[in-house]
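Student: Each chain is listed here by its residues.
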Amino acid sequence: MHEFFLVKDLIRKITSLAHEQGASRVTGVIVKLGALSHISPDHFREHFIHASLGTVAEGARLNIEVLTDVTDPQSQEVLLENIEIYLAT
Amino acid sequence: MKNKTIKVDYLARVEGEGALYVKIKDNSLTDVKLKIFEPPRFFEAFLQGRNYSEAPDITARICGICPIAYQMSAVHAMEDAFGVTVDGQLRALRRLIYCGEWIESHALHVYMLHAPDFLGYTDAIQMAKDHPALVQRGLQLKKAGNEIVAFLGGREIHPINVRVGGFYKVPAKRELEPLAERLKWARDAALETVRWTATLDFPDFEQDYEFVALCHPGEYPFNEGRLVSNKGLDISVRDYDDSFVEEHVPYSNALHSIIKGRGAYFVGPLARYNLNFNRLSPMTQEAAHSAGLSYVCNNPFQSIIVRSVEILYACDEALRIIDQYERPDKPSVQVQPRAGTGYGCTEAPRGILYHRYSTDDNGVIIDAKIVPPTSQNQKTIENDLWQFIPKYLDLPSEKLTLQCEQAIRNYDPCISCATHFLKLYVNRE
Chain G
1 MHEFFLVKDL IRKITSLAHE QGASRVTGVI VKLGALSHIS PDHFREHFIH
51 ASLGTVAEGA RLNIEVLTDV TDPQSQEVLL ENIEIYLAT
Chain D
1 MKNKTIKVDY LARVEGEGAL YVKIKDNSLT DVKLKIFEPP RFFEAFLQGR
51 NYSEAPDITA RICGICPIAY QMSAVHAMED AFGVTVDGQL RALRRLIYCG
101 EWIESHALHV YMLHAPDFLG YTDAIQMAKD HPALVQRGLQ LKKAGNEIVA
151 FLGGREIHPI NVRVGGFYKV PAKRELEPLA ERLKWARDAA LETVRWTATL
201 DFPDFEQDYE FVALCHPGEY PFNEGRLVSN KGLDISVRDY DDSFVEEHVP
251 YSNALHSIIK GRGAYFVGPL ARYNLNFNRL SPMTQEAAHS AGLSYVCNNP
301 FQSIIVRSVE ILYACDEALR IIDQYERPDK PSVQVQPRAG TGYGCTEAPR
351 GILYHRYSTD DNGVIIDAKI VPPTSQNQKT IENDLWQFIP KYLDLPSEKL
401 TLQCEQAIRN YDPCISCATH FLKLYVNRE
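Protein sequences, first through last, are from chains G and D. Positions 1 to 89 (this note's numbering) are the ones given, in order, by the first sequence. Positions 1 to 429 (this note's numbering) are the ones given, in order, by the second sequence.
In case anyone wonders, no lab produced these hints; they're calculated from the structure. Only a predicted model underlies this, so the values are computations on that prediction, with no experimental measurement involved. For each residue, glycine too, the CB sits at the ideal point set by N, CA and C. Hints may contain errors.
[As the list claims (entries may be wrong)] List of simulated lysine-lysine pairs, DSSO-like, C-alpha gap at most 27 Å: (1) G:K8 x D:K4; (2) G:K32 x D:K4; (3) D:K184 x G:K8; (4) G:K13 x D:K7.
[To be verified] Using C-beta positions, here's what the derived DEER-type ranges look like: (5) D:D87 x G:R45: 22 to 30 Å; (6) D:T199 x G:V66: 28 to 36 Å; (7) D:N3 x G:S16: 17 to 25 Å; (8) G:G54 x D:N51: 20 to 28 Å; (9) D:S53 x G:G54: 22 to 30 Å.
[Unchecked claim] Stretch-level coverage of chain D by chain G, calculated; a stretch enters the list once three of its residues show a Cβ under 8 Å from a Cβ in chain G: (10) 126-135; (11) 148-157.
Please take these sequences and the hints and turn them into a complete structure.
Tutor: Here it is as structure tokens:
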């Protein structure tokens, strides 16, 4: 359930950003998993695929970087690094 | 048409918070309310109308930290309803996967959540700057537990290999050998953890608790036993509803569980330890005594030592099971659903986890009840705060918050954001 809320929060942010930019869909997402974030890349990916269904991020290419520095101030966090959007002009 | 990349740098945070409201009048504590805002999850309603075989996978989703406990309580309740007995090596494998969950959950709590309180850090990140080796040891211990769960469960979070009647697939003995090597390291690391936690400073705080845990005639409890307490409770799991009741309190989304006619009780590592010390393995008993623990521990702040003792036990027990393991002929026993009601209670890392299901002739779930350990401990947590806070009334709010967080964390409550979950509201009149 914790992961569900976490990924849902990310999707909400991605949807909001895409809307602000007038994007019809999100084609790529890059996230960083902190060393103490207690979520594995596979698990994150699975949740992301489910949570993005029916949203602008459905089918987006997901790039996950796993951080190893436990002393990093953001080591407990999941960081949405950037998103790649598709603009129909 | 064009593609565009947007730099975001957005931190995703988990929802779910708790807050503690403290009212102080004329320098006396007049009110304590622990509020949990975690939204209702409706799992009991989700289960209605689903097939009995889906219960282990659905309930595993309730918690990412202790999915095995949910699966084990679910399968035992269903087997109780259908008159199924799972024994021998299948039963042993259930203990093994439970060992994995205890190791990963306890290591997470001891090193990442509880230890920073004792060492004066706001969180594990701050602690890691001064004690990187400690944090790494905690992470590696957690990983050892996760590996057991991933190996037997199919994946480390929300595992999928557990079923009513046993497992979908069971390993060959040789496949367990790499796990055993890792667990030998983990057992040594757990022993070091017991020694290290024993050196921490503990507030002088003991209360007259009613401890409740499973009690099995021959083993430290995971999956089976009678429900007993240090104040005379001794019932079968089937009689749980006769002795325990959940109450709604208007200020919290979580129910408070009490013993009928008596009130608050205490579940979790301290309760298990106090009621089952003589069922720990010899090396674990010895380590506990060397750490200065007696047969009974009434100081909830020392739960960090007791959790470490349970990590050690879980490593030792896992190695014993692997050593004696022989692959069973079948990964599960046959299950024939029937109409009835089944009861299951197992020892989640945080304490007893009760499930009750009623099914129809085809094994479709008609009714489900789940009582997690955190709701069972909530009233005791509040009672602790009533006794604990008056000693620290003169502290500034920031320091009082840290003291209260530490007192609450003794129970390892399972609330999202448990590392920094508490908002303290002090009303001074």
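Student: The structure should be examined with respect to each hint, and the outcome stated for every one.
Tutor: Right, here's what the structure says about each hint:
{"no.": "1", "hint": "G:K8 x D:K4", "in the structure": "holds, 23 Å"}
{"no.": "2", "hint": "G:K32 x D:K4", "in the structure": "holds, 20 Å"}
{"no.": "3", "hint": "D:K184 x G:K8", "in the structure": "violated, 39 Å"}
{"no.": "4", "hint": "G:K13 x D:K7", "in the structure": "holds, 13 Å"}
{"no.": "5", "hint": "D:D87 x G:R45: 22 to 30 Å", "in the structure": "violated, 38 Å"}
{"no.": "6", "hint": "D:T199 x G:V66: 28 to 36 Å", "in the structure": "holds, 33 Å"}
{"no.": "7", "hint": "D:N3 x G:S16: 17 to 25 Å", "in the structure": "holds, 19 Å"}
{"no.": "8", "hint": "G:G54 x D:N51: 20 to 28 Å", "in the structure": "holds, 26 Å"}
{"no.": "9", "hint": "D:S53 x G:G54: 22 to 30 Å", "in the structure": "holds, 28 Å"}
{"no.": "10", "hint": "126-135", "in the structure": "holds (count 4)"}
{"no.": "11", "hint": "148-157", "in the structure": "holds (count 3)"}
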